[in-house]
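J.: Following the hints, complete the assembly by docking chain B onto the known chain A.
Below are the chains, spelled out letter by letter.
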Amino acid sequence: MSTHVNEVTQRQSDGGVAQARGRTAETAMRAPADVYEDQEGLTLVADMPGVSRERLDVRVDGDKLLLEGSVQFELPEQAEAVYADVRSTLYRRSFVLSRELDSAQIKATLKDGVLTVRIPKRAELRPRKIQVKGS
Amino acid sequence: MFGRLTSLQNSLVEDFWRLHQELDEMLGDGLSSSGAIRSSPRGSFPAINVIQTPAEVQVFVFAPGVDPKKLDVSIQQGLLTISGERQIPVQEQASYYRQERFGGEFRRAISLADEVDPERVDATYRDGILRVRLQRREAARPRQIEIR
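The listed protein sequences correspond, in order, to chains A and B. For the first sequence, our numbering begins at 1 and goes up steadily by one. For the second sequence, our numbering begins at 1 and goes up steadily by one.
With the rest of the complex left out, here is chain A (with noise of 0.2 Å):
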């Protein structure tokens, strides 16, 4: 994990050369997102397609989910670009998280380019149902 991370930062500085250079930097793109909540955690689910898991980057920074990918295309020599709606190969999405959330225990999945992020909640901040007792 540590090597990818090397990696994004090496080509972040690459970029900046580029730009330096006059040349456009490559900017991450934005892993749409459905986040949902029941009464054990919080679910996020992350389009990356394109991304193994070896180039996948799932971390917890203080309070920050921080979720980075980059894809790797197998690409032919003398490749020439004819179309793109994709014009970066680095996706980024990070989120801020709440105390209650148990960030030691966040589980991540990925499966035809879908990340899955399980978020608990701390075990002794689950809400708790009150019995109402009658009189």
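Treat the hints with care, since some could be wrong.
What the hints assert, rightly or not - Calculated pairs, EDC-like style, for lysine to aspartate or glutamate (alpha carbon to alpha carbon, straight line, at most 20 Å):
#: 1; chain 1: A; residue 1: 111; chain 2: A; residue 2: 57
#: 2; chain 1: A; residue 1: 121; chain 2: A; residue 2: 38
#: 3; chain 1: B; residue 1: 70; chain 2: B; residue 2: 85
#: 4; chain 1: B; residue 1: 69; chain 2: A; residue 2: 40
#: 5; chain 1: A; residue 1: 121; chain 2: A; residue 2: 54
#: 6; chain 1: A; residue 1: 111; chain 2: A; residue 2: 74
#: 7; chain 1: A; residue 1: 111; chain 2: B; residue 2: 85
#: 8; chain 1: A; residue 1: 121; chain 2: A; residue 2: 37
#: 9; chain 1: B; residue 1: 70; chain 2: A; residue 2: 40
#: 10; chain 1: B; residue 1: 69; chain 2: B; residue 2: 122
#: 11; chain 1: A; residue 1: 111; chain 2: B; residue 2: 100
#: 12; chain 1: A; residue 1: 111; chain 2: B; residue 2: 56
#: 13; chain 1: A; residue 1: 129; chain 2: A; residue 2: 38
#: 14; chain 1: A; residue 1: 64; chain 2: A; residue 2: 37
#: 15; chain 1: A; residue 1: 107; chain 2: A; residue 2: 40
What the hints contain is simulated information worked out from the structure, not anything from laboratory work.
T.: Only chain B this time, still in chain A's reference frame:
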């Protein structure tokens, strides 16, 4: 090897970007909203990239979370059509804060003119990207003309 791929990727992205800018200047909003009658508005699902080499045309369809069995790729008279359905299960017991992901049926069409051989098409689905490889007809390939 990775270095080569990465640099090719980066230069390709730059190519995409330059192409996009040029198209924006020419057409206003680029290929996506004007031009071809079957084109889709920008941001439509799934996103598509097309590249070509002297020998082939490759179409990348960014369709994450789609069951490959529900993808239909067809080519007729130079028109490549990709259609399918992405089902997004709704969690009945949960409350939603965000629903940005596309769900439902989709269709995109790309006109490849008579350039490709409809008999030699190959499609693979990996990590949420469908890649369709089409071989260009011999006649459509760039040729070096020998000067006598």
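J.: With reference to the structure, classify each hint as holding or not holding.
T.: Results of checking the hints against the structure:
1. 111(A) / 57(A): holds (14 Å)
2. 121(A) / 38(A): Judged against 20 Å, a Cα distance of about 10 Å means the pair holds.
3. 70(B) / 85(B): Judged against 20 Å, a Cα distance of about 6 Å means the pair holds.
4. 69(B) / 40(A): Measuring from Cα to Cα gives roughly 34 Å; hence the hint is violated.
5. 121(A) / 54(A): Since the Cα atoms of residue 121(A) and residue 54(A) sit roughly 28 Å apart, the hinted pair is violated (cutoff 20 Å).
6. 111(A) / 74(A): holds (19 Å)
7. 111(A) / 85(B): holds (17 Å)
8. 121(A) / 37(A): holds (10 Å)
9. 70(B) / 40(A): violated (33 Å)
10. 69(B) / 122(B): holds (15 Å)
11. 111(A) / 100(B): Measuring from Cα to Cα gives roughly 18 Å; hence the hint holds.
12. 111(A) / 56(B): violated (29 Å)
13. 129(A) / 38(A): holds (14 Å)
14. 64(A) / 37(A): holds (18 Å)
15. 107(A) / 40(A): holds (13 Å)
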